Amino acid sequence: MSLPNQEEQVSMDTFLRGLWEENPVFVMLLGMCPVLAVSNSAINALAMGLATTFVLLCSSSLVSLLRKLIPKQVRIATYIVIIATFVTIVDYAIQAISLELYNALGAFIQLIVVNCVILGRAEAYASKQRLGATVINSLGMGAGFTIALLCLGTVREILGAGSLFGYSLFAENFQPWVVMILPPGGFFVLGGWLLAFNWYRQRRARKLLEQQGATAHGS
Amino acid sequence: MAADSLIFIFLNAAVINNFVLALFLGICPFLGVSAKRETAWNMGLAVMFVMLVSSISAYGINWLLERFEIEFLRLICYIAVIASAVQLVEMAMKKFSPALFRALGIFLPLITTNCAILGVALFQTFREYNFLQCLAFSLGAGVGFTLALLLMAGLRERLELASVPSVSQGAALTLMLAGLLSLAFMGFAGLGGQHA
Chain A
1 MSLPNQEEQV
11 SMDTFLRGLW
21 EENPVFVMLL
31 GMCPVLAVSN
41 SAINALAMGL
51 ATTFVLLCSS
61 SLVSLLRKLI
71 PKQVRIATYI
81 VIIATFVTIV
91 DYAIQAISLE
101 LYNALGAFIQ
111 LIVVNCVILG
121 RAEAYASKQR
131 LGATVINSLG
141 MGAGFTIALL
151 CLGTVREILG
161 AGSLFGYSLF
171 AENFQPWVVM
181 ILPPGGFFVL
191 GGWLLAFNWY
201 RQRRARKLLE
211 QQGATAHGS
Chain B
1 MAADSLIFIF
11 LNAAVINNFV
21 LALFLGICPF
31 LGVSAKRETA
41 WNMGLAVMFV
51 MLVSSISAYG
61 INWLLERFEI
71 EFLRLICYIA
81 VIASAVQLVE
91 MAMKKFSPAL
101 FRALGIFLPL
111 ITTNCAILGV
121 ALFQTFREYN
131 FLQCLAFSLG
141 AGVGFTLALL
151 LMAGLRERLE
161 LASVPSVSQG
171 AALTLMLAGL
181 LSLAFMGFAG
191 LGGQHA
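Chains as they are written, first to last, in the working numbering: chain A, 1 to 219; chain B, 1 to 196.
Fair warning: there could be bad hints in the mix.
[To be verified] Subject to a maximum C-alpha distance of 27 Å in a straight line, what follows is the list of computed DSS-like cross-link-like pairs (lysine-lysine):
#1 Lys128(A) x Lys207(A)
#2 Lys95(B) x Lys72(A)
#3 Lys94(B) x Lys36(B)
#4 Lys94(B) x Lys72(A)
#5 Lys128(A) x Lys72(A)
#6 Lys95(B) x Lys36(B)
These are calculated hints, taken from the structure and not from any lab test. None of these values were measured; they are calculated from a predicted model.
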């Protein structure tokens, strides 16, 4: 993981890094609790992802704006208070928009406060970078987090309930794998995704090595 | 067992709705510090202590906030108290056991962002437990967390000796194991708790 210490030039990479190379869930293994807990259906996963992205974006921007004012000794406490403020806003907003969703997500909306992705971004990125770079980077990280949640949510909903976003996909006689929407399913599906990514990465590394070997022979 | 008896609350938090394996709270330290049994045990104790302190403080804070009808500040107050409690544990540990302090490393300050601890504070508020029930709940949650951590550490120590395909090494395998453990813990649901 690269942590730029100087101010970074904004580029496409600032955004894309969060999606793949430094994906908070699949690569850095941060913020796993909400990922596992609310990914039992695609709609919950999407709502959680968007809520987290909002908090991430707002808190990182504020941290970035205040980065010269916050004393070093109390910075973590300051970040947490900033994050908690935005989470309270999201908590009340979701409650007002959709009570059904609020009940489905339960305490996990308030638990966004302790999502390590957000504190990690504030500490490692927003406290050192200008506002523009921070906004783009947080959007990328948020998108990466949401996509990861959706990856889990869709697989778990399709296998565990035979539907996607509430629409039934299979014929009547489909026997859903109930275990997939229960807690163990979360671990299994995330483990499965990590296996798939590992396999892909190893295969690519091997191919690269073979290619290098071939060019070395050629010259 | 009555649903509000202390023993039931304790068992419910410890095994039936285990914080790590059924509610997915505190996954980061669960995956991070479960490589060795000794560190797992110490981490468990530290978390248990912080949980107890923050649960008691959260009870007091909630009582105060409700008196002045400013419940919207609840989250901010809770997290501030937890952060101070963690600081306290950190200082105590640095003084009395520097070796342990180094072994836990970054995961000690990260107890602040351990959702299990904020989870205890939030759940006890939602369920409107009284003071004794809060104590039973936080102790149960702490015991459950330590139990899950120890079981996982035991499994992972065994795995060190096994040969696994290179593609599944690391986090993927740990997650699969956690899934199996969680599946096993679902058996406790028969003790009488409905699945939350």
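Structure-based check of all given hints:
1. In summary, the hint linking Lys128(A) to Lys207(A) is not supported, as the alpha carbons are separated by about 37 Å, beyond the 27 Å threshold.
2. Straight-line distance between C-alpha atoms of Lys95(B) and Lys72(A) comes to about 23 Å, which keeps the hinted pair within the 27 Å bound.
3. Of the supplied pair hints, the one linking Lys94(B) and Lys36(B) holds, its CA atoms being roughly 20 Å apart against a limit of 27 Å.
4. A distance of roughly 21 Å separates the Cα atoms of Lys94(B) and Lys72(A); the hinted pair therefore holds under the 27 Å criterion.
5. For a cut-off of 27 Å, the pair hint linking Lys128(A) to Lys72(A) stands: about 12 Å separates their Cα positions.
6. Pair hint Lys95(B) plus Lys36(B) holds up; C-alpha atoms about 23 Å apart against a cutoff of 27 Å.
When held up to the earlier numbered hints, the structure conflicts with hint 1 and nothing else.
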